[in-house]
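There are 4 protein chains.
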Amino acid sequence: MRDFSDAAMEARLNAFSRKQGFNAWFGMECVAAGKGQTELLLPVRPELTQHHGFVHGGCVSALADMACAWAGSTARGEDVVTSNFTIHFLAPAVGTHLRAHAKTVRAGRTTVTVEFTVNAEAEGKEPKLCATGMAGIAVLGKSEAA
Amino acid sequence: MRDFSDAAMEARLNAFSRKQGFNAWFGMECVAAGKGQTELLLPVRPELTQHHGFVHGGCVSALADMACAWAGSTARGEDVVTSNFTIHFLAPAVGTHLRAHAKTVRAGRTTVTVEFTVNAEAEGKEPKLCATGMAGIAVLGKSEAA
Amino acid sequence: MRDFSDAAMEARLNAFSRKQGFNAWFGMECVAAGKGQTELLLPVRPELTQHHGFVHGGCVSALADMACAWAGSTARGEDVVTSNFTIHFLAPAVGTHLRAHAKTVRAGRTTVTVEFTVNAEAEGKEPKLCATGMAGIAVLGKSEAA
Amino acid sequence: MRDFSDAAMEARLNAFSRKQGFNAWFGMECVAAGKGQTELLLPVRPELTQHHGFVHGGCVSALADMACAWAGSTARGEDVVTSNFTIHFLAPAVGTHLRAHAKTVRAGRTTVTVEFTVNAEAEGKEPKLCATGMAGIAVLGKSEAA
Numbered sequence: 000m001r002d003f004s005d006a007a008m009e010a011r012l013n014a015f016s017r018k019q020g021f022n023a024w025f026g027m028e029c030v031a032a033g034k035g036q037t038e039l040l041l042p043v044r045p046e047l048t049q050h051h052g053f054v055h056g057g058c059v060s061a062l063a064d065m066a067c068a069w070a071g072s073t074a075r076g077e078d079v080v081t082s083n084f085t086i087h088f089l090a091p092a093v094g095t096h097l098r099a100h101a102k103t104v105r106a107g108r109t110t111v112t113v114e115f116t117v118n119a120e121a122e123g124k125e126p127k128l129c130a131t132g133m134a135g136i137a138v139l140g141k142s143e144a145a
Numbered sequence: 000m001r002d003f004s005d006a007a008m009e010a011r012l013n014a015f016s017r018k019q020g021f022n023a024w025f026g027m028e029c030v031a032a033g034k035g036q037t038e039l040l041l042p043v044r045p046e047l048t049q050h051h052g053f054v055h056g057g058c059v060s061a062l063a064d065m066a067c068a069w070a071g072s073t074a075r076g077e078d079v080v081t082s083n084f085t086i087h088f089l090a091p092a093v094g095t096h097l098r099a100h101a102k103t104v105r106a107g108r109t110t111v112t113v114e115f116t117v118n119a120e121a122e123g124k125e126p127k128l129c130a131t132g133m134a135g136i137a138v139l140g141k142s143e144a145a
Numbered sequence: 000m001r002d003f004s005d006a007a008m009e010a011r012l013n014a015f016s017r018k019q020g021f022n023a024w025f026g027m028e029c030v031a032a033g034k035g036q037t038e039l040l041l042p043v044r045p046e047l048t049q050h051h052g053f054v055h056g057g058c059v060s061a062l063a064d065m066a067c068a069w070a071g072s073t074a075r076g077e078d079v080v081t082s083n084f085t086i087h088f089l090a091p092a093v094g095t096h097l098r099a100h101a102k103t104v105r106a107g108r109t110t111v112t113v114e115f116t117v118n119a120e121a122e123g124k125e126p127k128l129c130a131t132g133m134a135g136i137a138v139l140g141k142s143e144a145a
Numbered sequence: 000m001r002d003f004s005d006a007a008m009e010a011r012l013n014a015f016s017r018k019q020g021f022n023a024w025f026g027m028e029c030v031a032a033g034k035g036q037t038e039l040l041l042p043v044r045p046e047l048t049q050h051h052g053f054v055h056g057g058c059v060s061a062l063a064d065m066a067c068a069w070a071g072s073t074a075r076g077e078d079v080v081t082s083n084f085t086i087h088f089l090a091p092a093v094g095t096h097l098r099a100h101a102k103t104v105r106a107g108r109t110t111v112t113v114e115f116t117v118n119a120e121a122e123g124k125e126p127k128l129c130a131t132g133m134a135g136i137a138v139l140g141k142s143e144a145a
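Residue numbers (numbering that gives the first Met the number 0), protein chains in the order written: chain A, 0 to 145; chain B, 0 to 145; chain C, 0 to 145; chain D, 0 to 145.
Warning: the hint list may mix true and false statements.
The list makes no distinction among identical chains, and a pair is therefore deemed to hold if it is satisfied within one copy or across any two copies.
What the hints assert, rightly or not - With a straight-line cut-off of 30 Å between C-alpha atoms, the simulated DSS-like cross-links for lysine-lysine are:
| no. | residue 1 | residue 2 |
| --- | --- | --- |
| 1 | K102 | K127 |
| 2 | K18 | K102 |
| 3 | K18 | K34 |
| 4 | K34 | K127 |
| 5 | K102 | K34 |
| 6 | K102 | K124 |
Calculated directly from the structure, the hints in this document are not laboratory data.
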């Protein structure tokens with residue numbers, strides 16, 4: 000477990016997420032959450048790929064966006080939505096899992112600024128950085144999940 | 000049909016897309032494509048939503064990303080990948096369909112710059128602008144689809 | 000005068016700007032402002048150029064940033080600061096003037112989302128689009144200028 | 000001197016920069032450069048400030064943009080221009096100096112992706128992170144400076 004993580008918060012986020020339409024299908028799991036940071040793990044399967052067999056950029060973005068929103072939520076303990084999001088794709092997302100790590104840079108009263116990385120992983124290989132970027136997360140108020 | 004659109008290109012993009020893992024599940028349809036522009040239509044269903052019942056931001060991003068990549072592809076007639084992508088979320092994506100429109104701003108030799116809008120639509124209602132942004136699309140070479 | 004413009008607001012913004020350190024040196028003039036939009040005109044001079052003789056990208060960014068912040072300020076009638084800013088450079092900024100146009104896409108309570116273009120102009124030539132992008136403008140409260 | 004730095008490259012970049020219109024006025028100095036990284040130091044003076052007395056956001060952007068372009072140039076040893084640039088402002092830029100650090104994340108053949116931070120510094124105070132972001136730097140070919 001990462002040193003920033005809080006097991007109760009992870010469990011809450013995962014339970015909350017599994018009830019949601021897209022997340023239930025998407026299948027990512029929160030493996031660490033707390034103190035403005037999150038780590039999400041997404042098993043790769045054919046339904047997530049594009050025409051070259053890589054994980055679709057839209058799925059890489061969706062994973063990163065969720066990591067950022069949840070990081071912002073743990074930073075503030077409040078319900079949040081993504082206000083803006085920038086991603087740079089660096090390498091094809093190829094592997095058995097994608098791991099997104101999001102970290103709060105600044106937790107303001109109305110906006111939390113978060114940076115993220117997404118690595119592709121496969122057994123016996125070095126993780127490969129496949130995307131990085133930043134998000135501005137808007138703070139809405141007290142949350143059910145965080 | 001939009002004045003920029005080319006029916007043969009639309010058919011090619013749709014046939015190409017339906018064979019792909021994520022796109023086949025996602026269910027969007029290209030309703031116009033040509034001259035550096037595309038219009039994609041996505042029927043909203045519960046599997047695309049988040050905890051408030053809105054279309055998940057990750058799905059809005061995925062739709063916009065595809066509209067941009069395809070616009071870049073028609074601008075250059077070559078295979079492309081998204082290099083970078085920025086989205087600003089403006090309103091909850093609520094309705095029966097999302098419509099993304101992407102338009103090439105500049106078609107360079109190695110990078111195509113594209114801007115996009117995503118509107119939420121429902122019968123009897125004005126379309127609601129729910130996201131806008133820009134992408135840098137990297138030109139790879141001759142494409143199967145475009 | 001643009002149809003969105005309010006002469007009193009233009010005069011106020013220009014008077015306010017001329018008292019500021021960087022703006023006084025930079026030399027841009029607000030030529031239209033109102034209803035969430037602005038148009039700024041910057042005379043090109045050697046002090047604004049980079050090693051190819053084009054206007055420096057940092058100066059193009061600074062002009063666009065100001066156009067966005069002022070557009071956000073007129074949208075809300077409150078003091079604002081830029082929260083985030085994305086620019087895509089499309090062509091060398093060559094000419095006698097740069098003209099930035101910023102337009103509010105959504106004026107939220109805490110964030111105003113603005114899109115912009117920067118055109119390079121010279122007598123007898125078509126304006127050339129040299130940059131475009133978007134900004135998230137944070138609303139601070141009642142302003143001296145707007 | 001930073002462990003990534005190459006004194007000859009620093010000297011070359013500084014000599015090259017002092018001959019340029021905007022940079023000569025702006026006054027920043029390259030204090031480290033090499034292996035896809037740069038560190039630039041900008042003395043704060045009244046001509047760089049905005050209406051609250053902070054360094055103008057346009058100047059913070061200009062400094063970060065240059066740090067990124069130069070980082071991309073050292074990564075590839077070729078002439079470059081900024082293609083796209085995203086900045087998140089985190090805190091007022093107040094101090095005697097701004098220090099920008101840019102680091103290459105991926106050096107592609109046509110695009111170098113760079114991330115940056117800008118810290119405000121003053122004697123006897125902790126550096127304060129005032130901005131962070133990313134840039135896509137387009138590779139043009141062999142350079143005079145790098």
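Here is how each hint holds up against the structure:
no., hint, verdict
1, K102 <-> K127, "both (19 Å within a copy, 18 Å between copies)"
2, K18 <-> K102, "within (25 Å within a copy, 36 Å between copies)"
3, K18 <-> K34, "within (24 Å within a copy, 42 Å between copies)"
4, K34 <-> K127, "both (25 Å within a copy, 20 Å between copies)"
5, K102 <-> K34, "both (9 Å within a copy, 26 Å between copies)"
6, K102 <-> K124, "both (24 Å within a copy, 25 Å between copies)"
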